[in-house]
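Position chains X and P against the provided structure of chain L, taking the given hints into account.
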Amino acid sequence: MAELSKSNEPADATPNVSEVETVDAATESEAVAAIEAPVERGEPILQVRNLVKHFPLTQGILFKKQIGAVKAVDGVSFDLHQGETLGIVGESGCGKSTVAKLLMTLETATAGEVFYKGQDITKLSGRALKAVRRNIQMVFQDPYTSLNPRMTVGDIIGEPFDIHPEVAPKGDRRRKVQELLDVVGLNPEYINRYPHQFSGGQRQRIGIARGLALNPEIIICDEPVSALDVSVQAQVINLMEKLQDEFNLSYIFIAHDLSIVRHISDRVGVMYLGAMAEIGTDTQIYDHPTHPYTQALLSAVPVPDPESREGRERIILTGDVPSPANPPSGCRFRTRCWKAQDRCAEEVPLLAIPERFVGKDTPAAHESACHFAEEKDVVHAA
Amino acid sequence: MTTIDKTSSVPAPRGSDDFGGPLLEVRDLHVEFHTRDGVAKAVNGVNYTVSAGETLAVLGESGSGKSVTAQAIMGILDMPPGRIPKGEIFFRGEDMLKMSADERRKIRGRKIAMIFQDALSSLNPVLSVGYQLGEMFRVHQGLSKKEAKAKAIELMDKVKIPAAKARVDDYPHQFSGGMRQRIMIAMALALEPDLIIADEPTTALDVTVQAQVMDLLAELQREYNMGLILITHDLGVVADVADKIAVMYAGRIVETAPVHELYKRPAHPYTKGLLDSIPRLDQKGQELYAIKGLPPNLTRIPSGCAFNPRCPMAQDICRTDIPALFPVTERDGGELPGRGSACHFWKETIHG
Amino acid sequence: MPDKTAEKVTTATGEPIPAAAVATDAGPAPAKARSLWSDAWHDLRRQPLFIISSVLILLLLVIAIWPGLFTSASPRQADLAKHYLQKPQWGHFFSPEWLGYDGQGRSIYARVIYGARASITVGVGVTLCVTVLGTFIGMIAGYFGGWIDSILSRVTDVFLGIPFLLGALVVLNTFEKRSVWVVILALAFLGWTQIARVARGAVITIKQADYVMAAKALGASTTRILFRHILPNALAPIIVVATIALGGYIAAEATLSFLGIGLTEPTISWGGDVSAGREQLRNAPFTLIVPSVMVSVTVLSFLMFGDAVRNALDPKLR
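Chains as they are written, first to last, in the UniProt record's numbering: chain L, 1 to 382; chain X, 1 to 352; chain P, 1 to 318.
This is chain L alone, in the form it adopts within the complex (with noise of 0.2 Å):
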């Protein structure tokens, strides 16, 4: 996977949005045939373009008044490649999970789009909209809320044949059931336990199961490994890329764990108050950060190495996150970034490779939010 990222985008130039091409499917049914296409390997599968989320905040029982909006997602944009992973980064509260319902279509979009093979699924309905969810899959973070207590793993696994009984015939479920098992590691004769009954790691294989039953292509995983024990993380994250190479998926994986992400991802993007800060190849964003914001959380990250304790320069941010619902004008991050200067206030940086390092040679030449980008190792400076 790795390889893959590096051959086909030279680490110097990688655009991170490319020219949409737009389907424009006059029909149901043509809308379905292009959803159905195949993609190589490579091109963009999945598109977002300045996708915007804000929650109205309202007052009033009866008649309800808006008073305001959290802007949990405010313009962002990122292709995804076929067979690659894109990490995506963020503490809480940066718009990293609304994004990923945005994706899946469970929350409806404020503005932008969101092109799933030229197709705007955000305008999607009917038969169209059930065949993008079936390509499109999610893996949710809690393993013990995302089961349903009262369905045995079965119809658990079970339950998207039923929902699409066009992928499996009815005397087949059982044994694709138990065939699904077995592929995430579980013993098939598990199938009429009850999820209560496995363990945190045993669950997420459940969830991971449930997701690859329809064959998608695209699996948004969001923060899968964070509610599992350290052992149990390993075996998750070996299991998710065996799948990856297997069944050919494209990853949407969203963490607030740096160190996985970095493990599984080909791309990484750093989200602050609901807008990307940073995006680029693993190698670009973690060696070669551009932006304050996220140097300050690579340098945060407690390393498992004594020695490295006093030795380590650390930046330690002031302050805490202000609200999405009253995002500081100019550049989100200037209230807590030692370079804001008046201009930080004033102009919203762009998503863009930094003046300074366009056409150069240079891993720090990748896109990066921010006035007075530089690089800036942290990760390596011990």
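Treat each hint with caution, since some may be false.
BS3-like mimics (lysine-lysine), calculated; alpha carbons at most 27 Å apart, straight line [said to hold, decoys possible]:
(1) X:111 x X:160
(2) X:264 x X:284
(3) L:130 x L:176
(4) L:242 x X:292
(5) X:272 x L:242
(6) X:86 x X:98
(7) X:158 x X:145
(8) X:165 x X:146
(9) L:339 x L:376
(10) X:111 x X:146
(11) X:284 x L:360
(12) X:264 x X:292
(13) X:284 x L:242
(14) X:347 x X:272
(15) X:165 x X:151
(16) L:360 x L:339
(17) L:360 x L:376
(18) X:146 x X:160
(19) X:160 x L:339
(20) L:176 x X:292
(21) L:376 x X:284
Keep in mind that the hints were calculated from the coordinates and are not lab data.
Using the frame of chain L, we list chains X and P on its own:
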């Protein structure tokens, strides 16, 4: 069994009540829970000591017994269903398990304080933080309302809550997660205890805030020369602040070591597996090493070494004999102070 | 497209799965499939409260269904020769004269036996109607939210504002003849609000659960989400409230019948008999006491049963 305090030079205990030994000593502690599925043996013979000014990190996964041990020390175990069939917990030489409920209450909060993972549910939502902080002084020291409030502001300043004076009458939900955790720390510090038990104090916080809170905790510990028991599952946090580490698995301590030693040369296959299974920030790894299998069910702990079904080195002896915490030495027999490993094959593990 | 899944899964399983993946599943899960309901049943069986109350309820149900098994006497046969001053024959168990005769010379024992049917039917009937209606309304309000919720919640509040017994008095007064069905419908009309509120609250919590999200993400229909995911999980609190309320409805029916606006002749009801017994309170107290005791025992049984069910389904409340 070896105890693990011999490495660090014990700083002079403060106060007049000098006591020669360690601040806290847990000896052969057992805790079990009676559940519908049988007796869950949560803690099976734990030994550790903490001295003033020292940080002991207790590292383990869920169900390892790390939190239950702490609850037993604090005397906040739910009994029943919990039970302590065996063991002693000495605080300054006195066995707390033999004390009356009244005597224990005097120690709790005043001498030993605890910080929990979830600050929001540990604070009372209907009382202002100033009132809750001041309560400690009113109840334990009999201060007046006004004096207590002044003390509360002082404490909030101490834990670096900005504009403490203005925010003293705010309620817990008006603070962010990091600020609430600071308030929890302030509450724990209020009566200047000798020992603080922090149970996953930063797990619920964001990375950037985590670093702030951990730094604050370490700074205050130095200032007050307190003992600190840091309970966590995060190998990164441990590496940053601990002096010595006790690794727990299935209710037992499987390895003890000074912090630098443990990361450099683990002497127990479980520790080794854990260290190998975490992805690193500074390099893109290959496939992660994964410890196979699952942590044991505490009602049916495997015979012999509890780790044997998951251990790559397991032999017949591991399935029959429970390994004691063997003292770990250099290849040539040279002493490695403070190191112990409950593995029959510790030599092979550490010396390859 | 449909075949793709089959093909891929087989290749996946056809090849040997890497050792790491297989080895991961060492954890032996418990031997038997155990649903939350079977857990609750396991809890229930151990509760003396449950055993006592269910034996009593079972007995009451048998009496209500086959009263003839317990007495040969007719509850309506009035024989003025057997006056109420004729004292009960305490030794003559289960005979018509066992508990004496009422003011009109009818066997009190027979009337008490035959009165069970009305009380139990009203209790169970009202509970069923209320549960179905309340769950439906609460589920719609809780799941859809927005203006639907606003309207349904206000309607609920309006009904909740009507004092239950006063409301029943007014409604029932409009009927000349009041059969069991009239009483059931009247009480259900006024009583669904409690269940609706409980159901709404439960549904609001459950609809945010990740497994509901997961079902939506799969493209599940609203009906499927409501009946497959939300209802089964909301059922526990609803059942608890319903069983406890059942005793209350029996008491309410007795109260109304006592006041003379509940069940009317020819229906035999304990409440009516208590009312009739008032007149002979001095001379023959048992005419009042016996049906009163029956009401109390029945209500108590259902309350105890409800408590036991609550303990089992919602251990947090203990």
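Cross-check of the supplied hints:
A C-alpha spacing of about 23 Å is found between residue 111 of chain X and residue 160 of chain X, which places the hinted pair at or below 27 Å, so the restraint holds. A threshold of 27 Å between alpha carbons decides the hint, and for residue 264 of chain X with residue 284 of chain X the separation of about 20 Å falls inside it, so the pair holds. With a C-alpha separation of about 21 Å, the suggested pairing of residue 130 of chain L with residue 176 of chain L holds against the 27 Å cut-off. For the proposed pair residue 242 of chain L and residue 292 of chain X, the alpha carbon gap of about 16 Å is at most 27 Å, so the pair holds.
A hinted pair counts as satisfied when its Cα atoms are at most 27 Å apart, and residue 272 of chain X with residue 242 of chain L qualifies at roughly 24 Å. Straight-line distance between C-alpha atoms of residue 86 of chain X and residue 98 of chain X comes to about 12 Å, which keeps the hinted pair within the 27 Å bound. As the CA atoms of residue 158 of chain X and residue 145 of chain X are separated by approximately 20 Å, the hinted pair is consistent with the 27 Å bound. Taken as a hint, the residue 165 of chain X and residue 146 of chain X pair is honoured in the structure, with Cα atoms around 13 Å apart against an allowance of 27 Å.
For the hint pairing residue 339 of chain L with residue 376 of chain L, the CA-to-CA distance comes to about 13 Å; that is within 27 Å, so the pair holds. With a C-alpha separation of about 24 Å, the suggested pairing of residue 111 of chain X with residue 146 of chain X holds against the 27 Å cut-off. A hinted pair counts as satisfied when its Cα atoms are at most 27 Å apart, and residue 284 of chain X with residue 360 of chain L qualifies at roughly 24 Å. For the hint pairing residue 264 of chain X with residue 292 of chain X, the CA-to-CA distance comes to about 23 Å; that is within 27 Å, so the pair holds.
For the given pair, residue 284 of chain X sits about 17 Å from residue 242 of chain L by alpha-carbon distance, which is consistent with the 27 Å threshold. Taking the CA atoms of residue 347 of chain X and residue 272 of chain X, the gap is near 13 Å; set against the 27 Å cutoff, the hint holds. With a C-alpha separation of about 11 Å, the suggested pairing of residue 165 of chain X with residue 151 of chain X holds against the 27 Å cut-off. Of the supplied pair hints, the one linking residue 360 of chain L and residue 339 of chain L holds, its CA atoms being roughly 23 Å apart against a limit of 27 Å.
The hinted pair formed by residue 360 of chain L and residue 376 of chain L meets the criterion: a straight-line CA distance of about 16 Å does not exceed 27 Å. A threshold of 27 Å between alpha carbons decides the hint, and for residue 146 of chain X with residue 160 of chain X the separation of about 21 Å falls inside it, so the pair holds. This hinted pair checks out: residue 160 of chain X and residue 339 of chain L have alpha carbons roughly 23 Å apart, not beyond 27 Å. For the proposed pair residue 176 of chain L and residue 292 of chain X, the alpha carbon gap of about 26 Å is at most 27 Å, so the pair holds.
For the given pair, residue 376 of chain L sits about 18 Å from residue 284 of chain X by alpha-carbon distance, which is consistent with the 27 Å threshold.
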